[in-house]
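Undergrad: Residue numbers (our numbering), protein chains in the order written: chain A, 15 to 348; chain B, 487 to 701.
Treat the hints with care, since some could be wrong.
To be verified - Example chain A residues on the side facing chain B (calculated, C-beta under 7 Å, incomplete): (1) Arg161; (2) Lys214; (3) Gly215; (4) Ser251; (5) Thr254; (6) Glu258; (7) Ala262.
As the list claims (entries may be wrong) - Which chain A residues face chain B? A few, computed with CB under 7 Å, are given here: (8) Phe163; (9) Phe206; (10) Glu247; (11) Glu255; (12) Arg259; (13) Met284; (14) Gln287.
No wet-lab data here; the hints were simulated from the structure.
Cβ coordinates follow ideal geometry from the N, Cα and C atoms, glycine included.
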Amino acid sequence: MSYCLGIESTADDFGVGILSFDGKILANIISAYTPERGGIHPREAARHHAEVAGEVVGKALQTAGITPQAIRVVAFSQGPGMGPCLRTGATAARALAAYLKIPLVGVNHCVAHIEIGKLIGETKDPLTLYVSGGNTLVSAFEAGRYRVFGETLDIAVGNCLDVFARDAGLHPEEGMPLGAMVEKLANQGQAFISLPYIVKGMDLSFSGLLTAAAQLLQRAKYPIEDLCFSLQETVFSMLTEVTERALAHTEKKEVLLTGGVAANKRLQSMLSQITDEHDARFCVIPKEYALDNGAMIAWTGILAYQHGMTIPIEKSFVKLKWRLDEVYAPWVRD
Amino acid sequence: MLIKKGAEASLFLENWYNRKVIMKQRLPKRYRVPELDGEIRLYRTIHEPQIIHKAKEAGVPTPTIFLVDVAEATIIMEFINGKQVKQVLDSYPSDKRHRLCRLIGGLIGRLHDHGIIHGDLTTSNMILTPAGRVVFVDFGLSEHSTELESRGVDLHLMKRAFQSTHYQYAEESFAKVMEGYADVRGSKAAVNVLKKIKAIEKRGRYVSERKEMDQ
Chain A
15 MSYCLGIEST
25 ADDFGVGILS
35 FDGKILANII
45 SAYTPERGGI
55 HPREAARHHA
65 EVAGEVVGKA
75 LQTAGITPQA
85 IRVVAFSQGP
95 GMGPCLRTGA
105 TAARALAAYL
115 KIPLVGVNHC
125 VAHIEIGKLI
135 GETKDPLTLY
145 VSGGNTLVSA
155 FEAGRYRVFG
165 ETLDIAVGNC
175 LDVFARDAGL
185 HPEEGMPLGA
195 MVEKLANQGQ
205 AFISLPYIVK
215 GMDLSFSGLL
225 TAAAQLLQRA
235 KYPIEDLCFS
245 LQETVFSMLT
255 EVTERALAHT
265 EKKEVLLTGG
275 VAANKRLQSM
285 LSQITDEHDA
295 RFCVIPKEYA
305 LDNGAMIAWT
315 GILAYQHGMT
325 IPIEKSFVKL
335 KWRLDEVYAP
345 WVRD
Chain B
487 MLIKKGAEAS
497 LFLENWYNRK
507 VIMKQRLPKR
517 YRVPELDGEI
527 RLYRTIHEPQ
537 IIHKAKEAGV
547 PTPTIFLVDV
557 AEATIIMEFI
567 NGKQVKQVLD
577 SYPSDKRHRL
587 CRLIGGLIGR
597 LHDHGIIHGD
607 LTTSNMILTP
617 AGRVVFVDFG
627 LSEHSTELES
637 RGVDLHLMKR
647 AFQSTHYQYA
657 EESFAKVMEG
667 YADVRGSKAA
677 VNVLKKIKAI
687 EKRGRYVSER
697 KEMDQ
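Can you make the complete structure from the sequences, with help from the hints?
TA: Written as structure tokens, this is what we have:
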């Protein structure tokens, strides 16, 4: 059997996954960098990745129960993401490929989220809503590419929720990211406070909404539970409206929800209501594969490798702004 | 008879006092909390006919509004006989396609000249009549603004619509739209808004033009 080792390092997570070419996940190890305060500092995150890289690769091999020599191809997340983080993962991947004398494959992080979603969720041709701290987009495959039907015009939805949570003085706890804390508080909220609802065609904007919510925080007039509730209701309604527009437009029969924000139960319930109405199947990717992970890079690496899409080490630059719709994806059938 | 169940509203083709009309109804969305749902439906139901009327004054063909029922979030308007530009554009020979895009650009120019931002410029929201007129429909997301930023976002949407729906001819089609836009608003205004579109694109999450310097 042939295996692919995939390295993910676009942001705060350093992940290594090992898959067999027939799509069996043998290992998926993640080491997350948690800043003491504030958001992700790219350089600090990269330092973390460099420190844990060897250990995580070793643990993945051990979990998979294979020797390094059994690996046929190394894949890494080539973009989009934070420069220092991407470069650290790329360096590890290049070193492995050079040492083992095996080919290297550069994988687009967003495509990887969709491909692992298709594998895990057993969907064939989904409309994907990918929502995380760094990305917010609605995509579906058409004419040889994953097209972006809608996306954020400024910040990502996860970023909006995180910044609001930090402004509100919330601190991430063990096993409870900021988004989950907002969700928990929102569940206790009762009164809806009107916030800017900004949908432009199929695109979204969250920055003005975040400012408005932050101003309400400062005024200290409303309970935090009501603010969390209103913020969630507003941003998720926006996401759901855009997803429904894209669903009506593309007439896809499956909707895939992935990314870190996919874990939110309220968002899940909103989306399942529209998929019901449009007779589409709704599929939420479990956390392990919805968050950034190495398995998705390995799997997409296999798909790309089987279509001869390897890159020589000297050309394996990272692409910080690599758009999803720029990716040639010959492994997907129209 | 339901003819289109969009994400935002349902369109029914009805007979209304012996007239073929479109009944546009914004049904409650179960996924939204009632407060937000009511706010959105009320706002769009009142706002849309007002802007449709203003667009007509600006010389942009739009359906005539017959009745606005605020309580039911329903608008009754003229049925436009024709085909969506989306359906015909790709099958047209290039000169015909260019003419159509230029015409569309001119109409967008008129909207912008009169402080109207359509808010959802896609080729499905433009109906080509047998007489060759292009009628703009669906002003549900439109707004009043004379800001360059809003105009840029509006046209950026149009560009994106070409890229996702008419990818084969996206670039030339959009270029023709901008020519039509310049015909109406002058080349200086067109250049300014193009610059703005570039700025908006660069602001976006991932922009290829910025890639080189990132490496």
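Undergrad: Please go over all the hints and tell whether each is borne out by the structure.
TA: Hints and how they fare:
With 7 Å as the threshold, the beta carbon of Arg161 (chain A) comes within range of chain B, its nearest partner Cβ sitting at about 5 Å, so the hint holds. Residue-level restraint check for Lys214 (chain A) holds (minimum Cβ-Cβ distance to chain B is 6 Å; threshold 7 Å). With a cut of 7 Å, the hint placing Gly215 (chain A) at the interface with chain B holds, because the nearest CB-to-CB distance is about 4 Å. Taking 7 Å as the C-beta contact cut-off toward chain B, the hint placing Ser251 (chain A) at the interface holds, the least distance being around 5 Å.
Among the interface hints, the one on Thr254 (chain A) holds; its C-beta lies about 5 Å from the nearest C-beta in chain B, closer than the 7 Å criterion. Contact between Glu258 (chain A) and chain B, as hinted, is supported at the beta carbon level, the nearest pair being about 4 Å apart and thus within 7 Å. A hinted interface residue such as Ala262 (chain A) counts as satisfied when its beta carbon comes closer than 7 Å to some beta carbon of chain B; here the least separation is about 5 Å, so the hint holds. For Phe163 (chain A), the suggested interface contact is upheld, since its CB lies about 6 Å from the closest CB of chain B, less than 7 Å.
Because the smallest distance between the Cβ of Phe206 (chain A) and any Cβ of chain B comes to about 4 Å, under 7 Å, the interface hint for this residue holds. Residue-level restraint check for Glu247 (chain A) holds (minimum Cβ-Cβ distance to chain B is 5 Å; threshold 7 Å). The interface hint given for Glu255 (chain A) holds, since its Cβ lies 6 Å from the closest Cβ of chain B, which is under the 7 Å cut-off. The closest approach between the C-beta of Arg259 (chain A) and any C-beta of chain B is roughly 4 Å, which is under the 7 Å cut-off, so the hint is satisfied.
Because the beta carbon of Met284 (chain A) sits about 4 Å from the nearest beta carbon in chain B, less than 7 Å, this interface hint is met. Given hint, Gln287 (chain A) at the interface with chain B, holds; its Cβ is 4 Å from that chain's nearest Cβ, closer than 7 Å.
Consistency note: the structure conflicts with none of the earlier hints.
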